[in-house]
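Student: Sequence:
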Amino acid sequence: MAMERIFDYAKPIRATVSVSSYHVLQDSHVFDLLDPKNNEVLVREDADGRTHLKGLSMVEINSIQEFQNLCYDSDKHQNRTKVSKAKGHNGFIIFISKSDQNGKESSVSKMHFLELADHINDKQKSHGERFVQQNSKKSLYAVMDVVQALNSHQSFIPYRKSKITHILQDSLSKTGGALLIACLVRIVGLNILYYVFLFGDF
111 MAMERIFDYA KPIRATVSVS SYHVLQDSHV FDLLDPKNNE VLVREDADGR THLKGLSMVE
171 INSIQEFQNL CYDSDKHQNR TKVSKAKGHN GFIIFISKSD QNGKESSVSK MHFLELADHI
231 NDKQKSHGER FVQQNSKKSL YAVMDVVQAL NSHQSFIPYR KSKITHILQD SLSKTGGALL
291 IACLVRIVGL NILYYVFLFG DF
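So the sequence shown is residues 111 to 312, counted in the numbering used here.
No lab work stands behind these hints, which were simulated from the structure alone. There may be inaccurate statements among the hints.
Unchecked claim - Below, in silico cross-link-like pairs of lysine-lysine (DSS-like), each with a Cα-Cα straight-line distance of 25 Å or less: (1) Lys164 with Lys197; (2) Lys284 with Lys164; (3) Lys121 with Lys208; (4) Lys220 with Lys121; (5) Lys248 with Lys271; (6) Lys186 with Lys197; (7) Lys147 with Lys186; (8) Lys186 with Lys164; (9) Lys271 with Lys197; (10) Lys208 with Lys147; (11) Lys197 with Lys208.
Could you build all of it, start to finish, from the sequences and the hints given here?
Tutor: This is the structure we're talking about:
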(Lines of atoms letter the chains of each structure in order from A and count residues from 1; the text may use other names and numbers.)
(Lines give C-alpha, C1' and ligand atoms only; values in the text may rest on other atoms or scores of the structure.)
Protein backbone atom coordinates (compact mmCIF):
# COMPACT_ATOMS: atom_id res chain seq x y z
CA MET A 1 0.00 0.00 0.00
CA ALA A 2 2.78 2.43 0.95
CA MET A 3 4.73 1.67 -2.23
CA GLU A 4 1.65 2.26 -4.39
CA ARG A 5 1.20 5.70 -2.83
CA ILE A 6 4.88 6.47 -3.38
CA PHE A 7 4.70 5.55 -7.07
CA ASP A 8 1.52 7.62 -7.42
CA TYR A 9 3.47 10.58 -6.04
CA ALA A 10 6.71 10.00 -7.95
CA LYS A 11 5.44 9.41 -11.49
CA PRO A 12 3.76 12.82 -12.10
CA ILE A 13 6.93 14.67 -11.07
CA ARG A 14 9.21 12.20 -12.90
CA ALA A 15 11.04 11.23 -9.75
CA THR A 16 13.12 8.07 -9.39
CA VAL A 17 12.32 5.53 -6.67
CA SER A 18 15.12 3.37 -5.26
CA VAL A 19 15.32 1.05 -2.26
CA SER A 20 17.93 -0.35 0.13
CA SER A 21 17.60 -2.93 2.88
CA TYR A 22 19.90 -3.91 5.74
CA HIS A 23 20.14 -6.06 8.88
CA VAL A 24 21.72 -4.84 12.13
CA LEU A 25 23.18 -7.75 14.10
CA GLN A 26 23.64 -7.31 17.88
CA ASP A 27 24.06 -3.55 17.45
CA SER A 28 27.55 -4.06 16.04
CA HIS A 29 27.40 -5.27 12.41
CA VAL A 30 25.29 -4.18 9.44
CA PHE A 31 24.62 -6.47 6.47
CA ASP A 32 23.19 -5.70 3.01
CA LEU A 33 19.97 -7.67 2.50
CA LEU A 34 19.78 -6.91 -1.23
CA ASP A 35 23.23 -8.33 -1.87
CA PRO A 36 23.19 -12.09 -2.65
CA LYS A 37 26.10 -12.58 -0.23
CA ASN A 38 24.74 -10.19 2.42
CA ASN A 39 28.06 -8.33 2.53
CA GLU A 40 28.84 -6.17 5.55
CA VAL A 41 28.03 -2.45 5.39
CA LEU A 42 30.11 0.26 7.07
CA VAL A 43 28.46 3.28 8.71
CA ARG A 44 30.50 6.42 7.96
CA GLU A 45 30.12 10.19 8.26
CA ASP A 46 31.39 12.87 5.88
CA ALA A 47 32.85 16.24 6.84
CA ASP A 48 29.35 17.75 7.03
CA GLY A 49 28.10 15.10 9.44
CA ARG A 50 25.97 13.29 6.88
CA THR A 51 25.71 9.54 7.36
CA HIS A 52 26.74 7.19 4.56
CA LEU A 53 26.24 3.43 4.45
CA LYS A 54 29.33 2.29 2.57
CA GLY A 55 28.69 -0.87 0.60
CA LEU A 56 24.90 -0.78 0.86
CA SER A 57 23.10 -1.61 -2.39
CA MET A 58 20.57 0.83 -3.83
CA VAL A 59 18.23 -0.64 -6.43
CA GLU A 60 15.99 1.47 -8.67
CA ILE A 61 12.44 0.17 -9.05
CA ASN A 62 9.79 1.28 -11.53
CA SER A 63 6.72 -0.73 -10.56
CA ILE A 64 5.06 -2.64 -7.75
CA GLN A 65 5.92 -5.89 -9.54
CA GLU A 66 9.63 -5.01 -9.57
CA PHE A 67 9.41 -4.19 -5.87
CA GLN A 68 7.75 -7.53 -5.07
CA ASN A 69 10.33 -9.43 -7.12
CA LEU A 70 13.14 -7.64 -5.29
CA CYS A 71 11.69 -8.57 -1.90
CA TYR A 72 11.25 -12.18 -3.00
CA ASP A 73 14.86 -12.42 -4.21
CA SER A 74 16.09 -10.80 -0.98
CA ASP A 75 14.28 -13.43 1.10
CA LYS A 76 15.90 -16.20 -0.95
CA HIS A 77 19.35 -14.66 -0.40
CA GLN A 78 18.79 -14.49 3.35
CA ASN A 79 17.72 -18.12 3.55
CA ARG A 80 21.11 -19.13 2.14
CA THR A 81 23.19 -17.02 4.54
CA LYS A 82 23.83 -16.58 8.26
CA VAL A 83 21.61 -13.49 8.33
CA SER A 84 18.48 -15.68 8.10
CA LYS A 85 19.21 -17.18 11.53
CA ALA A 86 20.50 -14.00 13.11
CA LYS A 87 18.43 -11.96 15.54
CA GLY A 88 18.52 -8.23 15.15
CA HIS A 89 16.86 -5.35 13.36
CA ASN A 90 15.85 -5.16 9.71
CA GLY A 91 15.88 -1.75 8.07
CA PHE A 92 14.39 -0.64 4.78
CA ILE A 93 15.01 2.70 3.05
CA ILE A 94 13.02 4.22 0.19
CA PHE A 95 14.75 6.99 -1.77
CA ILE A 96 12.78 9.41 -3.95
CA SER A 97 15.14 11.50 -6.08
CA LYS A 98 14.63 14.12 -8.75
CA SER A 99 17.07 15.50 -11.32
CA ASP A 100 17.31 18.94 -12.89
CA GLN A 101 17.28 19.72 -16.62
CA ASN A 102 20.97 18.82 -16.88
CA GLY A 103 20.43 15.39 -15.39
CA LYS A 104 22.06 16.31 -12.09
CA GLU A 105 20.36 15.02 -8.96
CA SER A 106 18.72 18.03 -7.36
CA SER A 107 16.80 16.63 -4.41
CA VAL A 108 16.48 13.39 -2.45
CA SER A 109 13.85 12.36 0.07
CA LYS A 110 14.21 9.30 2.28
CA MET A 111 11.71 7.16 4.13
CA HIS A 112 12.99 4.74 6.77
CA PHE A 113 11.21 1.60 7.94
CA LEU A 114 12.66 -0.29 10.90
CA GLU A 115 11.64 -3.71 12.17
CA LEU A 116 12.89 -4.52 15.65
CA ALA A 117 13.32 -8.00 17.15
CA ASP A 118 10.07 -9.62 18.26
CA HIS A 119 8.87 -9.63 21.83
CA ILE A 120 9.47 -12.89 23.71
CA ASN A 121 7.22 -14.05 26.54
CA ASP A 122 9.02 -14.06 29.90
CA LYS A 123 8.14 -17.73 30.51
CA GLN A 124 9.63 -18.76 27.16
CA LYS A 125 12.92 -16.92 27.35
CA SER A 126 16.23 -18.71 27.18
CA HIS A 127 19.45 -16.85 27.92
CA GLY A 128 19.92 -16.07 24.22
CA GLU A 129 16.35 -14.88 23.81
CA ARG A 130 16.70 -12.54 26.79
CA PHE A 131 19.79 -11.06 25.15
CA VAL A 132 17.85 -10.48 21.92
CA GLN A 133 15.07 -8.62 23.70
CA GLN A 134 17.53 -6.56 25.77
CA ASN A 135 19.27 -5.54 22.55
CA SER A 136 15.93 -4.60 20.97
CA LYS A 137 14.99 -2.46 23.97
CA LYS A 138 18.43 -0.85 23.91
CA SER A 139 17.83 0.38 20.36
CA LEU A 140 14.38 1.71 21.26
CA TYR A 141 15.72 3.60 24.26
CA ALA A 142 18.56 4.97 22.11
CA VAL A 143 16.03 6.43 19.66
CA MET A 144 14.04 7.86 22.56
CA ASP A 145 17.18 9.46 24.03
CA VAL A 146 17.98 11.14 20.70
CA VAL A 147 14.42 12.46 20.37
CA GLN A 148 14.46 13.77 23.94
CA ALA A 149 17.82 15.48 23.40
CA LEU A 150 16.53 17.16 20.23
CA ASN A 151 13.27 18.25 21.85
CA SER A 152 15.11 19.77 24.83
CA HIS A 153 17.64 21.54 22.56
CA GLN A 154 20.66 19.84 24.12
CA SER A 155 24.07 20.63 22.67
CA PHE A 156 25.07 16.95 22.56
CA ILE A 157 22.85 14.47 20.72
CA PRO A 158 23.74 10.78 21.44
CA TYR A 159 23.52 9.51 17.86
CA ARG A 160 26.31 6.98 18.42
CA LYS A 161 24.63 5.35 21.39
CA SER A 162 23.47 2.59 19.05
CA LYS A 163 24.06 1.47 15.48
CA ILE A 164 20.42 2.27 14.63
CA THR A 165 20.57 5.92 15.72
CA HIS A 166 23.92 6.31 13.96
CA ILE A 167 22.35 5.06 10.72
CA LEU A 168 19.38 7.40 11.18
CA GLN A 169 21.51 10.38 12.21
CA ASP A 170 21.00 12.59 9.15
CA SER A 171 17.25 11.91 9.21
CA LEU A 172 16.90 12.55 12.95
CA SER A 173 18.97 15.74 12.94
CA LYS A 174 17.45 19.22 13.19
CA THR A 175 18.09 19.77 9.48
CA GLY A 176 16.86 16.33 8.42
CA GLY A 177 13.29 17.42 7.81
CA ALA A 178 11.80 14.36 9.54
CA LEU A 179 8.05 14.64 9.99
CA LEU A 180 7.05 11.68 12.12
CA ILE A 181 8.38 8.65 13.93
CA ALA A 182 5.70 5.98 14.35
CA CYS A 183 6.68 3.19 16.73
CA LEU A 184 4.49 0.10 16.27
CA VAL A 185 6.22 -2.48 18.47
CA ARG A 186 4.50 -4.57 21.11
CA ILE A 187 7.35 -4.44 23.64
CA VAL A 188 7.16 -0.67 23.91
CA GLY A 189 5.58 0.93 26.99
CA LEU A 190 3.26 3.88 26.61
CA ASN A 191 5.89 6.22 28.02
CA ILE A 192 8.27 5.38 25.17
CA LEU A 193 5.53 5.79 22.58
CA TYR A 194 4.71 9.18 24.08
CA TYR A 195 8.26 10.47 23.74
CA VAL A 196 8.71 9.05 20.25
CA PHE A 197 5.59 10.75 18.95
CA LEU A 198 6.78 14.05 20.42
CA PHE A 199 9.46 14.14 17.73
CA GLY A 200 9.17 17.37 15.78
CA ASP A 201 8.54 19.65 18.75
CA PHE A 202 12.07 21.05 18.57
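Student: State for each hint whether it applies.
Tutor: Each hint, compared with the structure:
| no. | hint | result |
| --- | --- | --- |
| 1 | Lys164 with Lys197 | holds (22 Å) |
| 2 | Lys284 with Lys164 | holds (23 Å) |
| 3 | Lys121 with Lys208 | holds (11 Å) |
| 4 | Lys220 with Lys121 | holds (16 Å) |
| 5 | Lys248 with Lys271 | holds (9 Å) |
| 6 | Lys186 with Lys197 | holds (17 Å) |
| 7 | Lys147 with Lys186 | holds (11 Å) |
| 8 | Lys186 with Lys164 | holds (23 Å) |
| 9 | Lys271 with Lys197 | holds (19 Å) |
| 10 | Lys208 with Lys147 | violated (30 Å) |
| 11 | Lys197 with Lys208 | violated (36 Å) |
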